[in-house]
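This is what each chain is made of:
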Amino acid sequence: MIIVKKLVKRFGLKTVLRGLDFAVEKGEFVALLGPNGAGKTTFLRILASLSRPSLGMVSIAGYALPDQSAAVRRRLGVVSHMPLLYGDLTAEENLQFYGRMYNLPDLSVRVDDVLEMVGLSARRRDLVRTFSRGMQQRLAIGRAVLHDPEVMLFDEPYTGLDQDASEMLDGVLRRVAAEGRTVVMTSHDLARAGELASRFDILSRGVIAASASQASLGKGNLLDFYKQALGA
Amino acid sequence: MTENSIQNTPAQRPGGNYFGAVLAVAWKDLAAELRSRELLSAMLIFALLVILIFNFSLQLDRTTRESVTAGVLWVTFAFAGTLGLNRSMAIEKDRGCLDGLLLAPVDRSAIYFGKAISNLAFMLIVEAIVLPVYFVLYNPRNFFNPGFLGVILLGSIGYVAVGTLLSTMAVQARTRDVLLPILLFPLVIPVLVSAVQASMGFLSGQPFEEILPWLNLLLVYDVIFIAAAFMAFDYVVEE
Amino acid sequence: MSTQPRALIVLNVVSVILLAAAYYASLVYAPLEAVMGQVQRLFYFHVATAWVGMIGFVLAAVAGIAYLWKKDLKWDAISLAAVEISLIFFFIAIVLGSIWARPIWGTWWTWEPRLTTAAILQMIYLAYLLLRQGIEDPEKRARFGAIYTLLGGISVPLTFVSIRIFRSIHPVVIGAGGAEAQGSFSMAPVMVQVMLFSIFAFSVIFVTLFWHRMRLGSLESRVEQLKLKVMQ
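Protein sequence lines correspond, in order, to chains V, E and F.
Reminder that position 151 of the first sequence reads as 247 in the working numbering, one-by-one numbering, no gaps.
Reminder that position 194 of the second sequence reads as 474 in the working numbering, one-by-one numbering, no gaps.
Reminder that position 117 of the third sequence reads as 242 in the working numbering, one-by-one numbering, no gaps.
Take the hints with a grain of salt, since some may be wrong.
Unchecked claim - Just a few of them, taken from the derived set where beta-carbon distance is under 10 Å, the chain V residues facing chain E: (1) R141; (2) S147; (3) L151; (4) A160; (5) P162; (6) S165; (7) V174; (8) L180; (9) S217; (10) R219; (11) A287; (12) F321.
Said to hold, decoys possible - Here are the simulated lysine-lysine pairs, DSS-like style, with alpha carbons at most 27 Å apart: (13) K122/V to K196/F; (14) K101/V to K265/F; (15) K265/F to K373/E; (16) K102/V to K199/F; (17) K102/V to K354/F; (18) K323/V to K110/V; (19) K265/F to K102/V; (20) K195/F to K265/F; (21) K373/E to K101/V; (22) K199/F to K122/V; (23) K101/V to K354/F; (24) K352/F to K373/E; (25) K323/V to K265/F; (26) K122/V to K352/F; (27) K265/F to K110/V; (28) K122/V to K195/F; (29) K199/F to K323/V; (30) K354/F to K110/V; (31) K323/V to K196/F; (32) K122/V to K102/V; (33) K101/V to K196/F; (34) K323/V to K195/F.
Said to hold, decoys possible - Cβ pair distances, simulated, as ranges: (35) V138/F to A166/V: 32 to 40 Å; (36) K373/E to P162/V: 39 to 47 Å; (37) R317/E to S346/F: 44 to 52 Å; (38) I190/F to R106/V: 20 to 28 Å.
Bear in mind the hints are in silico, worked out from the structure with no lab data behind them.
Where is the CB? At the ideal position from N, CA and C, for every residue including glycine.
Start from the sequences and build out the full structure, keeping to the hints where you can.
What follows is the structure in structure tokens.
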């Protein structure tokens, strides 16, 4: 579903990604872990078609980036740590706007469904700037699944969420995964990532330093694996 | 009720959504602004203040004032315009919404046109309020004739066409707020010169043939710069 | 530390010689103009620097297009060097023009098409430099710079036309009645010689300064690179 070969990303003289190889099968849930500054956000932005590779090959759902980015974007849902929502519009209006941008048919039905799914039907007519961070994040996920994407990218989605909100996010993420979508999530929260993901990749110094599946690790060993990968 | 199952995205209509996206962006800006009104109020108050300052700094008799009406108004619109342009783009950048727009599977230029249309709408709304106020304060002759209003429209279009593109650049720089006027004003001089001259022509009742070269220049500028901005927009939002 | 290549050292010497020769040519060799007198001698340098400055701007715009096409930062370095040096040349042209105008037109400045356009072109140069200053990512800086030079390149002819129309409708300029008519003079062949020589001399000087500026630019990059190495 996602194939990345020898991806290089430079910003002027600084090289952030140095020939990164990465592959995700359909339906996998990969947690991308790593220290700050390792390049996780840069990598995710490239996958999201928001940033161009300097060198290398990236393909998602069979379409190459950056040449076929429109085709990729149709199949991609992105949740970043910024809400990507308009504060002065209601929850409903935000979803309707994005629905129009994605040219979705039966928009009002779809919006209803999504609001239901993220548990915000009751607040649909409220302005987003009155929402708590947790609610905004939920709506952001709603926005991301609106067009039924095969692939979803989450960049540090738990940032700034309290316990309740984090649990709700867990639920939504589990559901998203259960629906068969392919997910790549970056996170600092090893415990949560450990619960949700089927595979763990460690990004360090611009390449994938280590990769392990949930099955091979067993619970509770993620931290050791992580430390080992970075120490190496 | 559909299940949230994976389909191979047949849920989207194939082909052209360009126009829909443009309208969606423009509509979104207008709807949000109607709620908060912060952009419009800032532009409006600023414009009225500028008119006031002009009144006190240029102590003019009636005839002289008639001759500077066009200039005063256009300077006012130019400065108030930068406020609107800046703010409109800043909203997108600050909440990361620009990324949200860029994620849509539609040609990037649709975002440009959508923003340009809403920026134009804001400018026209401010002009629609400032002009009657000016009329009430100074009672200039021949004010609301269609030629004059047409010039206001053409000039605003040219201004917004360049301004929207430049504000997209400026908002990505550290020196965001001061940068936009510095970038914009040198490029927009042909619009200001033509618009002021044509406005003066219509207000003083000059024969149409004399005003025509200015209108032509305005039209040429508008067409050229809408095309140029449209082509350049991709380069300005990619990373 | 690399020393100047031999060609550049030669060019330095040649430039100084040409400059001295141009001084001599315009101040001594050229005949005295009947109507305007000694002040007319400024004209040679004025035209030379203005012309070379204009070409510098065109060079910057072309280099901008080249950058957008090839994405090689070398073109951006060329654009920047061209703008910086043209900025100075143009400034000299404007100042000389102003000094010339004073005794001839009775005013330091007049809003005639070429002068006004020159002033606006200067503002565009400065805006370009300010734009670059506000952006940290080198690639983005290069892209934005290129776009701005192109937009500037399109608007300057339109500006010139607009002021030309303005002047044809308002022939009398503030405070310098009949300036246009008095400003012209017919050029004897010797004068043409001197003028062409001045243009040649300043072109060589431009190339020399340009080369120095490019070297400065690449030394700056070297320093940046070394800094990054030390930090990492």
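Comparing the hints with the structure gives:
1. R141: 7 Å, holds
2. S147: It holds, given that the least Cβ distance between S147/V and chain E is near 4 Å, below 10 Å.
3. L151: 15 Å, violated
4. A160: With a closest approach of 15 Å, the A160/V hint is violated.
5. P162: Interface hint status for P162/V: holds (8 Å vs cutoff 10 Å).
6. S165: 8 Å, holds
7. V174: V174/V check passes; min Cβ-Cβ to chain E is 6 Å, inside 10 Å.
8. L180: Nearest chain E Cβ about 4 Å off; hint holds.
9. S217: S217/V check fails; min Cβ-Cβ to chain E is 13 Å, beyond 10 Å.
10. R219: 16 Å, violated
11. A287: With a minimum Cβ separation of about 27 Å from chain E (threshold 10 Å), the hint on A287/V is violated.
12. F321: 30 Å, violated
13. K122/V to K196/F: 35 Å, violated
14. K101/V to K265/F: 25 Å, holds
15. K265/F to K373/E: 16 Å, holds
16. K102/V to K199/F: It holds: about 25 Å lies between the C-alpha atoms, which stays within 27 Å.
17. K102/V to K354/F: 22 Å, holds
18. K323/V to K110/V: Since the Cα atoms of K323/V and K110/V sit roughly 26 Å apart, the hinted pair holds (cutoff 27 Å).
19. K265/F to K102/V: 23 Å, holds
20. K195/F to K265/F: Distance of about 14 Å is within 27 Å: holds.
21. K373/E to K101/V: 31 Å, violated
22. K199/F to K122/V: Violated, because 42 Å separates the two Cα atoms, which is more than 27 Å.
23. K101/V to K354/F: 26 Å, holds
24. K352/F to K373/E: Not satisfied, since the Cα-Cα distance of roughly 31 Å exceeds 27 Å.
25. K323/V to K265/F: 36 Å, violated
26. K122/V to K352/F: 43 Å, violated
27. K265/F to K110/V: Since the Cα atoms of K265/F and K110/V sit roughly 14 Å apart, the hinted pair holds (cutoff 27 Å).
28. K122/V to K195/F: 36 Å, violated
29. K199/F to K323/V: 42 Å, violated
30. K354/F to K110/V: 9 Å, holds
31. K323/V to K196/F: Judged against 27 Å, a Cα distance of about 39 Å means the pair is violated.
32. K122/V to K102/V: 21 Å, holds
33. K101/V to K196/F: 22 Å, holds
34. K323/V to K195/F: Given that 27 Å is the threshold and the Cα spacing comes to 42 Å, the pair is violated.
35. V138/F to A166/V: 32 to 40 Å: 58 Å, violated
36. K373/E to P162/V: 39 to 47 Å: Violated, since K373/E and P162/V (Cβ atoms, about 22 Å apart) do not stay within the stated range.
37. R317/E to S346/F: 44 to 52 Å: 48 Å, holds
38. I190/F to R106/V: 20 to 28 Å: For I190/F and R106/V the Cβ distance comes to about 22 Å; the hint holds.
When the structure is compared with the earlier hints, violations turn up for hints 3, 4, 9, 10, 11, 12, 13, 21, 22, 24, 25, 26, 28, 29, 31, 34, 35, 36 and for no others.
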